[in-house]
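Asks: The chain contents come next:
Protein chains: 4
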Amino acid sequence: MSAKIPVGILGATGIVGQRFVQMLEHHPWFEVAWLAASDRSEGRSYEEAARWKLPTEIPTDVARMQVSSARPDGAPRLIFAALDASIAAELEPRFAEAGCAVVSNSSALRMHPDVPLVIPEVNADHIQLIDNQTWRKKSGGFVVTNPNCSAIGLVMALAPLEHKFGLETVMAVTMQAISGAGYPGVASLDILGNVIPYIPKEEEKMEEETRKLLGHRNGNGIRPATFGMSAQCNRVAVEDGHTESVSIKLKSRATAEQIIAAWQEFRSEPQQLKLPNAPPQPVRYLSAPDRPQPRLDADSGAGMTACVGRLRPCGVLDWKFTALSHNTIRGAAGAAVLNAELLKVRGYLS
Amino acid sequence: MSAKIPVGILGATGIVGQRFVQMLEHHPWFEVAWLAASDRSEGRSYEEAARWKLPTEIPTDVARMQVSSARPDGAPRLIFAALDASIAAELEPRFAEAGCAVVSNSSALRMHPDVPLVIPEVNADHIQLIDNQTWRKKSGGFVVTNPNCSAIGLVMALAPLEHKFGLETVMAVTMQAISGAGYPGVASLDILGNVIPYIPKEEEKMEEETRKLLGHRNGNGIRPATFGMSAQCNRVAVEDGHTESVSIKLKSRATAEQIIAAWQEFRSEPQQLKLPNAPPQPVRYLSAPDRPQPRLDADSGAGMTACVGRLRPCGVLDWKFTALSHNTIRGAAGAAVLNAELLKVRGYLS
Amino acid sequence: MSAKIPVGILGATGIVGQRFVQMLEHHPWFEVAWLAASDRSEGRSYEEAARWKLPTEIPTDVARMQVSSARPDGAPRLIFAALDASIAAELEPRFAEAGCAVVSNSSALRMHPDVPLVIPEVNADHIQLIDNQTWRKKSGGFVVTNPNCSAIGLVMALAPLEHKFGLETVMAVTMQAISGAGYPGVASLDILGNVIPYIPKEEEKMEEETRKLLGHRNGNGIRPATFGMSAQCNRVAVEDGHTESVSIKLKSRATAEQIIAAWQEFRSEPQQLKLPNAPPQPVRYLSAPDRPQPRLDADSGAGMTACVGRLRPCGVLDWKFTALSHNTIRGAAGAAVLNAELLKVRGYLS
Amino acid sequence: MSAKIPVGILGATGIVGQRFVQMLEHHPWFEVAWLAASDRSEGRSYEEAARWKLPTEIPTDVARMQVSSARPDGAPRLIFAALDASIAAELEPRFAEAGCAVVSNSSALRMHPDVPLVIPEVNADHIQLIDNQTWRKKSGGFVVTNPNCSAIGLVMALAPLEHKFGLETVMAVTMQAISGAGYPGVASLDILGNVIPYIPKEEEKMEEETRKLLGHRNGNGIRPATFGMSAQCNRVAVEDGHTESVSIKLKSRATAEQIIAAWQEFRSEPQQLKLPNAPPQPVRYLSAPDRPQPRLDADSGAGMTACVGRLRPCGVLDWKFTALSHNTIRGAAGAAVLNAELLKVRGYLS
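Read top to bottom, the protein sequences are chains L, B, P and D. The working numbering applies: residue 590 is where the first sequence begins, and numbers increase by one. The working numbering applies: residue 590 is where the second sequence begins, and numbers increase by one. The working numbering applies: residue 590 is where the third sequence begins, and numbers increase by one. The working numbering applies: residue 590 is where the fourth sequence begins, and numbers increase by one.
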């Protein structure tokens with residue numbers, strides 16, 4: 590018998606579910622033991638049920654695993670959830686109530702006052718919100734979430750600046766990859782040779798999640814950050830990697846060198862704790878004038894590093910720059926796995 | 590013999606040169622009579638010299654025309670110029686000096702204080718700068734320019750707002766088509782499934798050209814507009830059509846309805862004069878939540894209409910919206926042809 | 590009242606349905622009078638029901654038309670049908686039975702022995718199969734079909750060669766555009782930067798339809814052509830235009846010049862009758878070594894011309910060449926409209 | 590000092606040169622010690638000279654290495670060459686003459702009667718041609734080549750069938766990735782949303798190289814295979830991975846099961862010798878109906894496995910199937926590295 594912690598994946602057949610399977614294949618602490626998806630998949634082997642879309646091979650043992658129905662009975666305690674928001678709103682509480690530690694990538698509960706929305710490098714202390722949760726008190730179960738794929742790269746780039754110089758204003762325009770829309774997701778006729786200047790609810794999520802992530806604990810809750818924030822979200826013909834053109838105004842003056850140093854030197858709890866999926870360098874500044882680019886940089890730090898580049902003065906705010914992060918690794922499955930690693934070290938999984 | 594005005598094209602074999610040939614094929618006033626390109630092309634037929642890249646067929650008579658060397662002798666008076674900036678800086682003055690009316694798409698002389706930078710719908714009155722030009726005084730020749738392909742769609746969207754409400758701040762992030770870089774231009778390995786967050790000198794051009802275009806005549810010169818302006822320019826995998834995510838702050842309050850009405854009702858001199866290439870509606874507001882899109886809307890008004898959409902409040906400035914225009918028609922060849930049409934009506938070509 | 594023939598479109602909201610609307614906007618003989626789609630669309634305006642995907646604007650009068658349910662009552666006599674095969678199998682006979690002239694783009698009845706499968710340039714005489722149809726005898730209604738979008742370009746390229754030299758063997762490998770799969774059709778994650786070497790049932794259709802199209806009337810039926818035929822079908826990241834790499838063996842020897850002449854000089858009934866959508870030149874040979882290409886040549890002859898190029902000796906069969914045709918114009922809506930134009934001239938619509 | 594064999598790379602800055610650098614980073618036997626490129630790069634650091642286009646990071650030690658001029662003095666004995674054919678024709682003999690073991694990816698000398706054209710799994714015995722080379726006799730230097738990127742995947746798929754059943758006829762149509770054209774290579778305006786049905790000289794190379802690779806030693810030379818062969822080559826909008834639609838006729842009958850078994854069980858010298866870059870399974874049959882696909886399968890076996898799929902009867906020849914291989918790994922740098930590994934084991938490098 591393996592000494593690893595058995596984990597389940599809710600929504601295992603989708604694009605993010607597949608990333609969970611891929612990232613957990615050789616995980617030192619966790620081991621996929623249970624897979625659930627929609628009724629249509631129940632009882633079939635994972636290989637049959639999932640249309641595997643990743644360029645690496647489907648792990649052999651998982652391929653043969655039978656897909657369970659999405660009910661807590663028989664599920665392991667630790668559950669990674671990659672469900673659509675509407676389904677998550679119903680299922681995640683049910684699993685938490687049944688005592689599961691639900692590490693969710695869904696937006697359903699992110700803004701719930703008792704649910705931590707966490708990037709371990711940024712606001713690991715928010716995790717204590719768990720203790721407010723009724724589920725936790727009743728059954729030991731709880732829900733922890735990671736942010737939207739468009740918010741995470743931005744917030745990783747902003748966090749070192751907020752800590753050192755303070756943020757007054759943030760404006761971001763995204764150029765987001767198609768994998769962020771799941772499968773089948775974006776129709777090829779809509780995106781080939783095209784830009785779609787709209788992703789439903791994405792701008793709202795980016796704005797409010799960014800403020801919660803950079804907010805501060807305040808009694809039992811989180812007081813969101815108060816900087817001005819505006820996001821515009823576009824879909825482009827890129828497979829993986831969300832690129833963002835960002836402008837910021839800082840509270841205290843900073844030179845380009847100081848900002849770049851803040852990024853390059855930024856290390857945090859996951860790095861100190863050497864969590865298995867913590868990238869050695871969470872934020873990396875690229876000095877070439879035309880970087881970061883999704884094709885070249887999305888996989889930086891095994892997809893867990895946020896890249897920034899093109900720092901230059903902004904004619905309206907103080908500075909502008911480009912940020913990039915892998916949307917299904919750092920922005921989804923990898924975010925959740927890192928959250929679970931933090932939970933384990935903090936004792937929440939025992 | 591045709592009664593049409595004979596015109597020449599400098600840089601006739603490039604992407605913009607080809608658009609000139611295409612747009613002039615059935616022009617009621619102008620007729621291609623002379624084509625010039627680099628020495629490599631001299632003496633060859635246009636068909637051989639140009640690698641025709643447009644989906645319409647190369648006009649038969651132009652196909653057989655012999656490519657001349659890029660010297661003013663033998664050239665007609667009206668010259669459309671589609672040259673790289675470094676070559677334009679040398680050749681355009683030479684043609685103006687020789688008495689030619691040079692209608693240029695190049696950036697070389699756009700910011701020259703005596704050279705009008707014109708969008709006929711926006712600042713037709715700037716055309717009078719011509720009379721300051723030394724060439725004009727000596728030989729009758731002159732240079733008129735149109736803006737960069739990234740500035741033109743933005744300025745068409747801004748002009749009605751500047752006129753009605755005043756602009757205080759403009760921030761724009763572009764997602765620009767590959768045809769804007771000419772041929773061979775962007776390498777496919779660089780852009781397929783990718784975003785390049787950098788176009789050399791583009792942001793500077795957008796910022797300064799936008800202010801000159803929306804500036805006001807002041808004695809013999811132009812006093813640039815003074816609003817705050819910041820641009821970020823990206824290349825995306827789109828063939829034609831630059832998309833821009835824009836945020837603005839207005840001097841006087843306006844409702845969404847008032848802004849949309851300002852766009853929809855905007856008509857100007859080219860429409861009143863019924864210039865052949867004037868679009869009936871220069872700015873068109875699309876109410877669908879996911880428009881404008883380059884694939885669907887770049888050809889609006891035969892590529893001469895700027896489309897806007899997604900007007901909504903901005904969390905930092907007042908409003909945000911998406912703008913789109915065809916970069917090699919409205920943003921290049923069509924812009925120059927419309928300028929020439931204005932020049933003709935104003936008597937500058939006789 | 591218009592003197593034009595009122596027409597209905599079954600499946601009006603899909604990609605091919607939209608092409609019908611676009612192509613019929615200024616048709617000299619036909620006028621869209623009735624639109625039907627799935628129950629979901631019934632009662633809504635066409636503009637609301639269809640997600641318009643074409644770069645030209647939706648015709649204003651059609652935009653406001655109300656979508657009817659897909660039942661024959663109230664439908665005009667002439668019906669263009671752009672339905673999925675399974676639905677067509679049920680609905681097309683129902684409309685024919687009710688007396689409608691159903692001009693169908695669906696595969697459902699193409700191989701039915703009494704249903705003509707027609708390309709007017711190739712086998713206009715097959716149209717007489719109509720008289721065998723039970724519907725025709727009972728109600729005057731009938732069904733006429735056009736081939737699969739992958740077969741049509743191939744057959745137009747083959748027809749002049751079959752007529753002049755005879756075909757012994759045909760091998761074709763297709764690279765098909767995404768619009769051929771309808772909307773939403775191919776998921777962008779499946780095709781961006783990719784090739785899918787499989788289109789369900791496409792190879793079978795290409796093979797059997799090619800033989801029926803080039804077959805001969807034999808009593809009351811069609812005796813299919815007997816040449817050897819093999820097709821391999823691939824999907825590529827192209828919006829419109831199916832490209833095919835073809836190898837052929839001829840029954841009698843022909844030189845390259847003779848083959849090219851056979852293509853270039855090929856004219857047929859639609860050209861002689863000057864049918865409104867007949868391209869002046871149905872097959873066009875391009876001599877440039879790298880043509881035809883979908884981006885540059887799919888719109889040739891307003892999308893109704895099949896382009897061929899790269900004729901050269903084949904190391905196994907006699908000759909190889911590249912063929913290209915627009916899959917939603919010549920390969921779908923345009924094919925059906927041309928069939929209807931032939932039917933009118935032949936008196937089948939009165 | 591490292592005990593590894595120092596190697597040089599000629600043409601180190603190009604796309605294939607970069608793949609060499611990437612593949613050699615952790616090689617157990619070889620170590621990059623010398624880099625050469627065009628005069629323009631000489632004296633600059635590799636990082637500056639190469640525009641690194643791979644998603645993995647440039648190896649730190651190589652990044653700082655100074656680029657040498659492309660002359661044999663100072664070069665190590667083992668040279669990987671990734672030069673354009675015209676330059677290779679001049680430089681490769683010069684290095685061989687100077688005593689270097691030139692392992693070349695260029696087409697320049699592939700068809701030279703004394704130069705082995707080798708895929709170690711297919712015709713390792715051809716390597717003995719080296720002993721015929723004048724260079725070898727004079728200085729110990731020699732040239733070994735690997736095939737064109739379009740030939741290699743095909744030949745790996747054909748080899749097991751040729752060995753077991755004999756080949757009578759081979760027809761192949763390729764859909765080739767843009768990375769095969771180097772950098773800047775294919776212009777984005779030419780390939781985005783397009784197919785280019787022409788790659789200069791590619792069809793000729795595929796046909797003659799396939800026959801040499803599957804030919805037999807005959808005295809001091811190679812007698813090429815005699816099966817009928819025809820290739821058609823297309824470029825598509827794919828980054829890496831050449832897909833091929835293949836039809837074959839066999840000399841002796843075989844069932845689908847026998848053919849698939851021949852592929853799946855195929856193992857050869859590199860596998861037996863456990864060469865570091867030998868894929869455990871050189872040819873892999875994928876049973877899903879829509880595989881292999883470049884995005885999903887090009888990286889199979891770290892890019893060294895050729896994938897096949899869709900085996901089905903051909904209406905003209907016996908069988909048709911789809912083949913896929915990674916064009917810059919198995920089809921270029923990886924092919925050469927595997928050749929070098931074979932050379933080492935066979936004692937040619939000492």
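What the hints contain is simulated information worked out from the structure, not anything from laboratory work. A couple of the hints might just be wrong.
It does not matter which identical chain is meant; a pair holds if it fits inside one copy or across any two.
Result set (DSS-like, lysine-lysine): computed pairs, CA atoms no more than 27 Å apart in a straight line [what the hints assert, rightly or not]:
1. Lys-727 - Lys-838
2. Lys-642 - Lys-726
3. Lys-933 - Lys-726
4. Lys-838 - Lys-790
5. Lys-863 - Lys-593
6. Lys-863 - Lys-753
7. Lys-642 - Lys-838
8. Lys-790 - Lys-642
Asks: So, for every hint listed, does it hold in this structure?
Replies: Here is what the structure says about each hint:
For a Cα distance limit of 27 Å, the shortest separation of Lys-727 from Lys-838 qualifies neither inside one copy, at 45 Å, nor across copies, at 51 Å. For the homomeric pair Lys-642 and Lys-726, neither the shortest alpha-carbon distance inside one copy (39 Å) nor that between copies (52 Å) is at most 27 Å. For the identical chains of this complex, Lys-933 and Lys-726 are intra-copy neighbours only, at 18 Å inside a copy versus 66 Å across copies, given an alpha-carbon limit of 27 Å. Both within a single protomer and between protomers do Lys-838 and Lys-790 lie at most 27 Å apart by alpha-carbon distance, with minima of 25 Å and 23 Å respectively.
Proximity of Lys-863 and Lys-593 under a CA criterion of 27 Å is satisfied intra-copy only: 18 Å inside one chain copy versus 33 Å between copies. In this assembly of identical chains, Lys-863 and Lys-753 lie within 27 Å of each other by CA distance solely inside one copy; the values are 23 Å within and 54 Å between copies. In this homomeric assembly, Lys-642 and Lys-838 never come within 27 Å of each other (Cα to Cα): the closest approach is 40 Å inside a single copy and 33 Å across copies. In this assembly of identical chains, the alpha carbons of Lys-790 and Lys-642 lie at most 27 Å apart whether taken from the same copy (26 Å) or from different copies (23 Å).
Checked against the numbered hints above, the structure breaks hints 1, 2, 7 and satisfies the rest.
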